[in-house]
Amino acid sequence: MHTALKLNEVISKKSKEAKLVLLNMPGPPRNRVGDENLYKDYPFFGDIQVIIFLGFGCLFSFFRLYGFGGMVFNFLTATFTIQWAILVQGYFQFSQNGYILLGVINLINAEFACAVVLISFGAVLGKTSPLQLLIMALLEVPVFCATEWFVLKYLRINDAGGSILIHLFSCYFGLGVTFVLYRPQLNKGHAKENTSYHSDILSVMGTLFLWVFWPSFNSALTFKGDDQHRAILHTFIGLCASTLTAFALSFLLNKKGKLTMADVQNVTLAGGVTVGATVDMMISPAAAYALGMAGATACMLGYKYLTPFLAQRCRIQDQCGIHNLHGLTGLISCAAGICAILWASEEVYGPSLYEIFAHRAPVADDPKLVELQQLVPGLAPGLGRTAQEQALIQAAAVGLTIGVAVMGGVFTGFILRLPFLSAPSDEFCFDDELFFYVPHDYDARLQRIRFTTEDSAE
Amino acid sequence: MHTALKLNEVISKKSKEAKLVLLNMPGPPRNRVGDENLYKDYPFFGDIQVIIFLGFGCLFSFFRLYGFGGMVFNFLTATFTIQWAILVQGYFQFSQNGYILLGVINLINAEFACAVVLISFGAVLGKTSPLQLLIMALLEVPVFCATEWFVLKYLRINDAGGSILIHLFSCYFGLGVTFVLYRPQLNKGHAKENTSYHSDILSVMGTLFLWVFWPSFNSALTFKGDDQHRAILHTFIGLCASTLTAFALSFLLNKKGKLTMADVQNVTLAGGVTVGATVDMMISPAAAYALGMAGATACMLGYKYLTPFLAQRCRIQDQCGIHNLHGLTGLISCAAGICAILWASEEVYGPSLYEIFAHRAPVADDPKLVELQQLVPGLAPGLGRTAQEQALIQAAAVGLTIGVAVMGGVFTGFILRLPFLSAPSDEFCFDDELFFYVPHDYDARLQRIRFTTEDSAE
Amino acid sequence: MHTALKLNEVISKKSKEAKLVLLNMPGPPRNRVGDENLYKDYPFFGDIQVIIFLGFGCLFSFFRLYGFGGMVFNFLTATFTIQWAILVQGYFQFSQNGYILLGVINLINAEFACAVVLISFGAVLGKTSPLQLLIMALLEVPVFCATEWFVLKYLRINDAGGSILIHLFSCYFGLGVTFVLYRPQLNKGHAKENTSYHSDILSVMGTLFLWVFWPSFNSALTFKGDDQHRAILHTFIGLCASTLTAFALSFLLNKKGKLTMADVQNVTLAGGVTVGATVDMMISPAAAYALGMAGATACMLGYKYLTPFLAQRCRIQDQCGIHNLHGLTGLISCAAGICAILWASEEVYGPSLYEIFAHRAPVADDPKLVELQQLVPGLAPGLGRTAQEQALIQAAAVGLTIGVAVMGGVFTGFILRLPFLSAPSDEFCFDDELFFYVPHDYDARLQRIRFTTEDSAE
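Sequence lines, in order, name chains A, B and C.
For what it's worth, UniProt numbering labels the leading residue of the first sequence as 1, then goes sequentially.
For what it's worth, UniProt numbering labels the leading residue of the second sequence as 1, then goes sequentially.
For what it's worth, UniProt numbering labels the leading residue of the third sequence as 1, then goes sequentially.
Hints may be right or wrong, so weigh each one.
The list cannot tell twin chains apart, which means a pair is met if one copy fits it or any two copies do.
Derived lysine to aspartate or glutamate pairs resembling EDC-like cross-links, with alpha carbons at most 20 Å apart [said to hold, decoys possible]:
#1 Lys258 - Asp426
#2 Lys192 - Glu427
#3 Lys255 - Glu433
#4 Lys368 - Glu346
#5 Lys40 - Glu427
#6 Lys258 - Asp443
Derived by calculation from the structure, the hints in this document are not laboratory data.
On a predicted model such as this, the values are computed, not experimentally measured, just so you know.
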């Protein structure tokens with residue numbers, strides 16, 4: 001739905017936005033339509049703001065000695081990325097007569113691009129300088145926006161929740177970066193690479209912020225009305241399923257039947273990703289539930305077996321395990337999306353089929369379009385694609401996205417290795433002291449760690 | 001208002017919801033009414049999500065060594081309960097042709113059922129295994145939903161804020177459970193049953209999340225428009241009153257004139273409960289203020305005198321003092337509700353009287369109904385009850401709710417004592433180590449407690 | 001926009017509000033207009049609630065041993081101030097036939113008055129007893145409300161974001177208070193006047209709550225529709241600019257190229273203030289961005305050079321540096337507002353010029369009014385001022401506000417020195433032990449501080 005929605009949003013908003021950009025353009029009397037859209041979009045925007053700044057910020061603060069870094073570098077990177085994304089997305093998608101249109105809906109799009117960078121950040125958390133993070137954002141945003149623009153404008157796919165464009169792209173881009181920034185020493189274990197009682201709780205708060213507002217994240221760019229309602233419900237169901245599955249597996253897979261906080265902090269969220277590609281479609285609640293369970297299972301097994309394997313064997317040190325929470329789950333979501341597209345029929349969707357799958361609508365000169373437009377006023381002409389064609393195109397988009405992401409990530413990784421970007425030495429990874437004036441009790445914390453780790457080493 | 005509202009909500013939403021459930025049903029063109037309802041309900045839903053997951057989660061993390069348990073078990077229990085409540089409430093109230101209708105409004109109802117279980121959880125916090133909590137939720141939800149359904153459908157009471165159905169039920173159910181799970185040892189005091197500087201702050205954050213969004217909680221299911229506006233304002237006024245009263249009493253009742261954090265964390269919220277039953281009625285702001293003050297006073301005295309008495313004399317160990325914050329205040333709220341009903345007259349409410357007190361509207365064949373319907377379009381026929389009749393029925397509902405809650409709680413308590421539910425031993429109460437892999441600094445915290453408690457024992 | 005908006009809001013709400021106040025007034029059938037306004041205002045109200053209680057609360061908890069005081073006294077002061085402001089603002093602005101009208105829009109106004117008191121609180125944080133804070137609120141609210149009423153009703157200025165009325169007033173009032181409460185000993189440095197690792201993180205969370213919801217704060221009282229949309233976007237742009245500038249300067253101005261948490265916690269927010277006075281005008285995004293950068297620069301330099309100077313030379317100990325974050329930035333905002341007013345023309349704004357700058361609309365008997373009203377239905381007659389006249393009046397308002405604030409602050413300061421208000425002694429500043437029962441680990445924290453500060457003294 002992305003492209004269709006975005007474009008007509010922009011048109012409908014033109015008059016209003018333009019005033020922001022064209023200082024010398026007279027303001028029309030208040031535009032009620034835009035007005036209403038504003039009041040429907042703004043609460044979603046607020047929720048996404050919380051996700052980006054508080055959700056990611058707290059979630060990234062789980063290292064005992066890197067709480068400042070996790071929360072503050074997230075703040076810095078997010079702010080920079082949103083601004084940069086407004087310009088780049090504007091150039092690709094939201095410009096008109098040489099002006100970039102700007103409205104709350106565009107801020108929402110920019111915060112999605114920001115989520116992409118923050119997820120990639122998760123792969124190199126604690127191993128990069130703020131300067132490196134800004135360079136990464138500087139490079140990732142254009143690659144992402146170009147991919148997004150091409151996929152949405154030319155391939156025309158269904159991806160309301162951004163499972164393909166947001167989660168898969170960010171994941172494989174991040175893996176590409178961390179692959180190049182490989183630090184062999186870290187595989188031997190690092191004294192500072194652990195959590196504290198409070199940092200674990202803080203991180204769970206981040207998880208809860210993400211959990212609570214994820215329905216807004218997945219539904220912010222769908223069609224208003226029923227589609228958005230479905231997106232909210234499916235996301236909620238998916239998250240419920242993945243949360244219960246995560247708890248169950250965390251208890252079962254641990255010898256002593258104890259919970260691991262890392263599972264609670266990450267695996268519980270898997271369902272939000274797996275429902276992404278089908279979130280506004282008429283898949284049943286049962287399907288959404290199944291997707292949540294599948295996502296949590298894949299994510300959990302990924303943390304247990306895949307992440308160590310990637311780090312030891314493939315030079316891929318995935319700090320937050322984004323490949324489990326965004327990669328594996330993203331792939332499941334894409335597969336589900338393809339099935340849902342193949343199963344979608346007019347019997348199920350009625351005429352609204354041609355709104356949700358805009359590309360399946362008849363082409364402009366097809367007489368069928370006229371009769372459909374009597375049922376669904378203002379239905380835009382489509383490409384007359386069949387379900388099979390669309391399914392192939394979705395698959396192509398997945399391949400393209402992953403390919404571009406990996407290449408972009410690897411390239412970015414090499415740039416980040418430039419000496420003057422002051423990457424922290426191995427010893428100072430996961431350590432706030434390098435980039436922050438730390439309060440007095442920091443040394444005490446440092447001592448305690450040394451002590452307790454020797455401790456546990458015995 | 002519950003029943004009336006819920007039912008017509010569901011009807012009006014049928015077409016939309018149904019699509020979610022009936023996969024083989026053609027989607028109608030976008031339904032504007034449902035559309036608008038979605039955008040009015042969704043912000044309330046978001047606020048309630050924060051209350052359930054972050055508000056309760058942080059509030060329950062006040063024990064120094066049970067922060068993981070408080071926040072994470074709240075997360076687990078809440079997620080499980082919401083799903084279970086969707087099904088059970090759906091069976092009792094929201095089903096149609098054998099399908100359970102699902103929409104944001106139903107999620108809100110399910111989160112209310114969830115609040116019930118979480119409040120009961122407060123009575124046994126730190127003394128139960130996650131398995132026991134899930135069993136408790138499994139048993140409490142059907143008892144609650146059946147009671148809710150019976151009271152709303154057959155007794156037809158006014159309880160917009162859920163003072164009777166949510167607060168009284170959850171409180172007495174929880175007391176019933178903790179009565180059966182009585183642990184004599186704990187009355188001698190427990191080394192781990194205390195707070196730390198950070199856990200107290202975290203808990204206050206939980207209080208603030210509840211305080212800030214409580215108006216949404218009390219008004220989410222009232223009639224849209226003026227009634228909802230009144231509910232928001234009355235809740236806000238009630239909370240302001242109880243907060244000031246709580247601070248004043250906390251200063252006055254302590255010898256050294258110092259504040260007790262437990263008062264700040266709990267008593268400040270009493271007003272949100274006491275206004276519950278009358279929140280959408282035309283009681284004056286002054287009445288709402290008085291209710292807030294009365295609630296805080298009762299709650300404060302309860303913590304000071306009643307809770308110790310119950311623990312020492314009545315085998316009722318009420319860990320979070322839910323009887324003070326939800327029981328006593330709930331009773332005050334019910335009494336206020338009965339008075340407000342007795343005082344409600346057409347002079348005060350005008351024709352809207354028969355919307356707010358739907359059961360007082362004339363019966364179907366009464367000519368008065370017709371003329372009223374000219375003033376209030378779409379007014380549903382009622383039961384032609386008098387104020388006195390309604391007052392009696394409210395009182396009956398209170399008695400019924402408490403009775404069922406106590407019996408259900410006691411029964412549940414006995415189930416929870418089944419050996420294979422791995423309840424923690426007395427020594428491991430209020431201790432995360434039993435159910436979580438704890439970080440290195442946990443032992444240090446444990447030492448410090450031992451030390452400081454001997455300390456203070458001297 | 002304040003006055004115009006507030007008044008017509010109130011009128012449109014009369015029927016609804018009145019019911020809250022006049023218990024003996026029949027309720028009219030549901031008022032759709034008020035209804036819609038409620039659903040547009042309420043999400044903004046929720047955001048502002050978070051700002052006041054969680055944003056300020058966490059931000060003020062940055063002292064290592066004053067976390068309880070920062071968060072809890074903020075809670076107490078805010079709750080008291082809002083109630084007091086409802087009454088005083090009601091008396092000055094929102095009363096009708098001897099009744100104070102009450103609606104969500106009035107709560108928003110009261111929370112703005114509350115923000116004023118909380119900002120002033122920042123100047124004396126840790127040096128005042130709760131009783132002193134309440135007295136300060138008791139005195140500051142009437143002075144503020146009278147000033148607000150006079151400036152909005154008689155001077156008629158543009159100040160949608162409250163840069164003049166909220167930020168300048170609160171800042172200079174607070175400085176006046178702290179000037180009188182001067183404590184020479186504190187200039188020698190205080191063992192407890194420092195942060196801990198967790199208190200710094202908590203404080204950043206407060207900053208993020210403010211950052212995320214500031215657009216709602218600046219736009220809550222603008223005209224609905226385009227103006228509100230502009231206010232949201234300009235605030236967001238200003239915050240982005242000030243955040244990046246703050247990070248850049250914090251890195252550059254520190255010898256070791258390390259970040260100072262105090263900069264992250266405060267300077268990043270400067271942009272929200274500097275765009276305040278022009279937030280709903282058609283200044284370009286570029287101008288909003290420039291304002292954000294200017295604000296952050298002024299704020300940063302203020303913290304580095306001005307605050308120490310004021311403390312050492314001028315007996316003004318500004319605990320949170322409110323003069324940097326609200327005073328300097330407020331002045332910049334006012335200057336920007338005057339420029340924007342001078343540049344505002346019908347070519348740029350079209351007929352909506354006379355909505356945003358209501359005082360420039362033709363007077364009642366001017367024929368031009370009639371033709372304008374055909375373009376902008378319901379345009380109220382104005383004062384027929386020229387841009388120059390308005391600019392002068394804005395300047396006059398700034399002078400008046402600062403003058404009244406300083407006098408009020410100094411007067412309040414002398415009241416606060418009355419002996420029976422139990423101000424903490426120098427030794428017990430920034431110390432929770434004086435007003436709270438502290439948990440066992442507090443003493444350990446106290447020891448550690450003594451230890452680490454001698455430490456760092458060597």
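Status of each hint after checking the structure:
| no. | hint | verdict |
| --- | --- | --- |
| 1 | Lys258 - Asp426 | between (32 Å within a copy, 19 Å between copies) |
| 2 | Lys192 - Glu427 | within (9 Å within a copy, 32 Å between copies) |
| 3 | Lys255 - Glu433 | between (36 Å within a copy, 14 Å between copies) |
| 4 | Lys368 - Glu346 | within (13 Å within a copy, 48 Å between copies) |
| 5 | Lys40 - Glu427 | neither (49 Å within a copy, 53 Å between copies) |
| 6 | Lys258 - Asp443 | between (31 Å within a copy, 17 Å between copies) |
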